[in-house]
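Since the structure of chain A is already known, use the hints to place chain B on it.
Protein chains: 2
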Amino acid sequence: MTISALQLERAKEANLPKLPKSLKGAVKIEEGKPTESAGDREEIRKLFPNTYGAPVVTFVESKDNQSFPPINVGVILSGGQAPGGHNVIAGLFKGLKTANTASKLYGFKMGPGGLLKGNNVLLEEATINQYINTGGFDIIGSDRTKLQEKAGHFERAKEVLNKLEISALVIIGGDDSNTNACVLAEYFKKNKLGIQVIGCPKTIDGDLKNEQIETSFGFDTACKVYSEVIGNIQRDCNSAKKYWHFIKLMGRSASHIALECALQTHPNYCIISEEVEKKNLTLDDIITTLKDLIIERNTLKEGDKDTPKNFGTVLIPEGLIEFIPAIKKLIEELNVVLAQNDAEFKKFVKKREQVSYIISKLSEENAKVYESLPESVARQLALDRDSHGNVQVSLIETEKLLADMVKAALKAEEEPLLQPLLEEKAKLDAKIKLYAEDKAKLQPLLEEKAELDAKIKPIKNKYNFSPQTHFFGYEGRCAAPSIYDANYCYALGYNASKLILAGKTGYMSSVRNTTAPVDEWIAGGIPITMMMNMENKPIKDKDGKLSVERVPVIQKALVKLDDAPFREFASKRKGWETEDDYVYPGPIQFWGPPEVCERPTITLQLEQKKH
Amino acid sequence: MTISALQLERAKEANLPKLPKSLKGAVKIEEGKPTESAGDREEIRKLFPNTYGAPVVTFVESKDNQSFPPINVGVILSGGQAPGGHNVIAGLFKGLKTANTASKLYGFKMGPGGLLKGNNVLLEEATINQYINTGGFDIIGSDRTKLQEKAGHFERAKEVLNKLEISALVIIGGDDSNTNACVLAEYFKKNKLGIQVIGCPKTIDGDLKNEQIETSFGFDTACKVYSEVIGNIQRDCNSAKKYWHFIKLMGRSASHIALECALQTHPNYCIISEEVEKKNLTLDDIITTLKDLIIERNTLKEGDKDTPKNFGTVLIPEGLIEFIPAIKKLIEELNVVLAQNDAEFKKFVKKREQVSYIISKLSEENAKVYESLPESVARQLALDRDSHGNVQVSLIETEKLLADMVKAALKAEEEPLLQPLLEEKAKLDAKIKLYAEDKAKLQPLLEEKAELDAKIKPIKNKYNFSPQTHFFGYEGRCAAPSIYDANYCYALGYNASKLILAGKTGYMSSVRNTTAPVDEWIAGGIPITMMMNMENKPIKDKDGKLSVERVPVIQKALVKLDDAPFREFASKRKGWETEDDYVYPGPIQFWGPPEVCERPTITLQLEQKKH
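Line order of the protein sequences matches chains A and B.
Counted the way my numbering counts, the first sequence spans residues 2 to 612.
Counted the way my numbering counts, the second sequence spans residues 2 to 612.
Just so you know, the hints here were simulated from the structure itself, not pulled from any lab data.
Warning: the hint list may mix true and false statements.
Copies of the same chain are indistinguishable here, so a pair counts whether it falls within one copy or spans any two.
[Said to hold, decoys possible] Okay, derived cross-link-like pairs now, DSS-like style, lysine-lysine, Cα gap no bigger than 25 Å in a straight line: (1) Lys-426 - Lys-408; (2) Lys-401 - Lys-352; (3) Lys-242 - Lys-310; (4) Lys-330 - Lys-538; (5) Lys-147 - Lys-242; (6) Lys-412 - Lys-347; (7) Lys-147 - Lys-538; (8) Lys-348 - Lys-428; (9) Lys-292 - Lys-280; (10) Lys-458 - Lys-310; (11) Lys-164 - Lys-190; (12) Lys-538 - Lys-561; (13) Lys-118 - Lys-151; (14) Lys-461 - Lys-347; (15) Lys-412 - Lys-348; (16) Lys-573 - Lys-310; (17) Lys-302 - Lys-573; (18) Lys-29 - Lys-105; (19) Lys-450 - Lys-347; (20) Lys-348 - Lys-434; (21) Lys-243 - Lys-118; (22) Lys-434 - Lys-456.
Source: prediction; values computed, not measured.
Only chain A is shown next, with the shape it has when bound in the complex (with noise of 0.2 Å):
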């Protein structure tokens, strides 16, 4: 194994992550009052009789000499990468050993499939060492299982779990992960089985996080790099002047990337899903907005220069399209209408036919819709579906779409004007074609020719739209966490041991006051019923029939349109769609300047000061 330079230097005792003062030494633990839920809370204490209700508490520093019985954890990687999950576990195994180096920690590999697989590693200080302050999920692996009790797994993690005598399970995920959490927490408690259940909040997507959970680890790290890159491209997007760069941006459900990201770097264009839900635009809304920000930047001179602003900026978030609430209907739609011909859909061969049949089969409004797209996606939803049956929407290259699109509305715009230019055009032609041996009757056409040519062009050419695509996930997903990041996740998985040690179950790892110096954070943590409401999940049987299904979930943070970082970009965008305000923020740091290196996210900035 070959190790960067960077990363050598990042292992070094000196560089390793900080804890907050509360959890250095011994702590005491300081419990509030009883909870609620967020909301719901009849059916959410009925679900939860074992688990419900329990305090928020917080670690403070303590005198006591504090002494621990050996205990065995087990820790699970779920879900999508995050920059930090190392260092999540590698916080878990030093509050565990400190409290008694005989304490054990056993990873599971490759996510809770592995959990109920049992395949397991004891993870040993060398291991760990190798790990900490780096990105990726690779110690352990990860994967996508959802832990169900119908499906007969969370006997199965029970018998895993005694088998190596593990009284704790620590399950690092995002907002699904976090609900399965407290539902095994519940599971265990009420068979009295003796294994408590402490999740930890992960997700680059930033949408795990409410009154009581500031962050998501992994958000400030992926946010920082696609910062960077956007920055660099937006530099060339002024040196060149000459391409418009259309970006997209991971993260499906909810829009924070994004914004987080045009907070950073002042692009010319941000679309935020939420809000062109709560608006309730159309595609050809965004579309026609595109459009008239390129031909309105195209009057714009430069200062002296003779260089019309034929360049720019646009930031998409990956679940745009379906936020759009024409598509989103259409989708539900087109989901049902394919499961349930899907015999007689498959008797059509050629694209075209299977488009006509689609269309003749939607209802009037959504079939409207439908047509409107451009053909490549109307055959990408009717041709691609997962093994669900549902149209696979994450398919589409939006980033593309859109500049197509944008690319056919500036087409339109020139053809009135080009139009009758293009008639003269052809009518010359046909007389040159005519008179091509009599020189004489020629000199002249051909002058004519030139000179409407010359007209030609410069409609032709007027916008100059130019455009670049770009995708960005894989690339942040896995980066070495930011110091705030590396920082952050050692604080949870040391105040994830805490919460074990505390005899805690159903709780989430919660370290607060992170815009503060580390020393300041404060540690604890929240019963995550008190996150939780219900809400209809829809069901679908194999003929495509919907139903609902009411669950208990912990709510997906979106970005609210009257929250601070909203408000924020939306008294700013409008400076930066024609007077060019692009920020650099360069790559992340890890030495240097504490301004430069310890910033927590603008996101979190904003939010924390409205407190």
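Coordinates of chain B only, in the frame set by chain A:
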């Protein structure tokens, strides 16, 4: 204008670039012997009677007090962006002002085109301070205008420069721009115009280097940015264990970037165009190699995990297609065929007919190659031509082309295994339909079908090949310069001022020994004629007929298969294919341990070692 925290800090006194010891104070000039050109000495001497044979010069420290009269100097940025361009200008400015505070530096806006328009700005210290250590070329912009005597450019340049009383012009550019700088220097000298011309070696592609010029600026930074994101992708690859990433890297004329990134990150596979050409490989050869590697990795399990290695990374140089000898030949003929038969070709509207027409016009050998290309590429080559009528190879998304072709090749491997099973299944389906109402007979058939499906599934999904494609170019061209590039560029610019003050013309600014600490770098100048030879440049008339013009050029430095960097790569790559030795270099650092911050490229280190 919003300035990022990093940019603010990098602009502070303590972080400004350092100068080599030899340039810090007064200098003495040491002149070598008369030089000869790299090749075709008689022809080059004849073309450059006034500048040929000048000596290599080196600046060494001097204790003499030197005084210089004030001078006016012009500077232009030419061609594609490269990190550090602003520092060249800052170094040049500082050098001129240090010699005489009354000297003036004019920047011509938007490149050589701006010089011809006389579009200039007097550069002041405040502006320089705003741009030092930043990426991009936006201080004055750049373009791709090629200065040509025939077009009257030289006379126009003279007028503009005379008007501003400019006695020296610094051209910051790649091999072409430096060739032009030399031709212009000869022109000014021949006509006794009293205007010196100095070149500076710029290009992220790394293909402007030779015995005298160690490296071109920007290569270091761009490769490090690309390697950062490649490393992140590899960590993701190794964590998620489910994607093959096909990563294309900018640089059409040479594969130095791909090679350097491979040396920095150890991907599973890296294509080097020059090797493809040398070994006379076909597109099919490349696809077969990749397919075989994917199949081989599919048979490997990871340690005690039961996960096959259905993941990996492939680096692809942007220029690959044009280096494949068979395709190169095809493109040459295509350009002629399409130009000669333009009118007839345009009569065909249907794409299929166009393709057939082209095949009918090509030589047998090229027709065969053309027919072997995927349909989308064949069409691309037939349809989109640039303003010179040439096919636009650069529009081919090579990374997607390779991923698609590999997918098809893997499918072809499955076919013989799958075909009999699918036939069996079709028969069974017919029987099931027949006995749909007869439960007794249906049951065993359904069981048989389930068994068959179980056999089909692992074959169909055997390689589970899931590609992701990326193209990195704009992400790195305008990054803020690394410490290496920041210092190198500042020294190149400062040194250019010393060459001007020493009365030199037709020289390239040269800073060598840059793998040593900055203090020990050796500054001087290389007569550009020394790097030149004659090349046959194909010229196409308007009928597409090719003729050949013999022109003096600086030899483009391609990757040489017997040079140290390629040999190092070749000796290691077999291990990377199956063993996974991914390196994660992380982001460029500006503060911290010198091993992290100040390392030059591995290419340069290996090249210097041999000395």
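For each hint given before, does the structure comply? Return the numbers of the non-compliant ones in rising order. none
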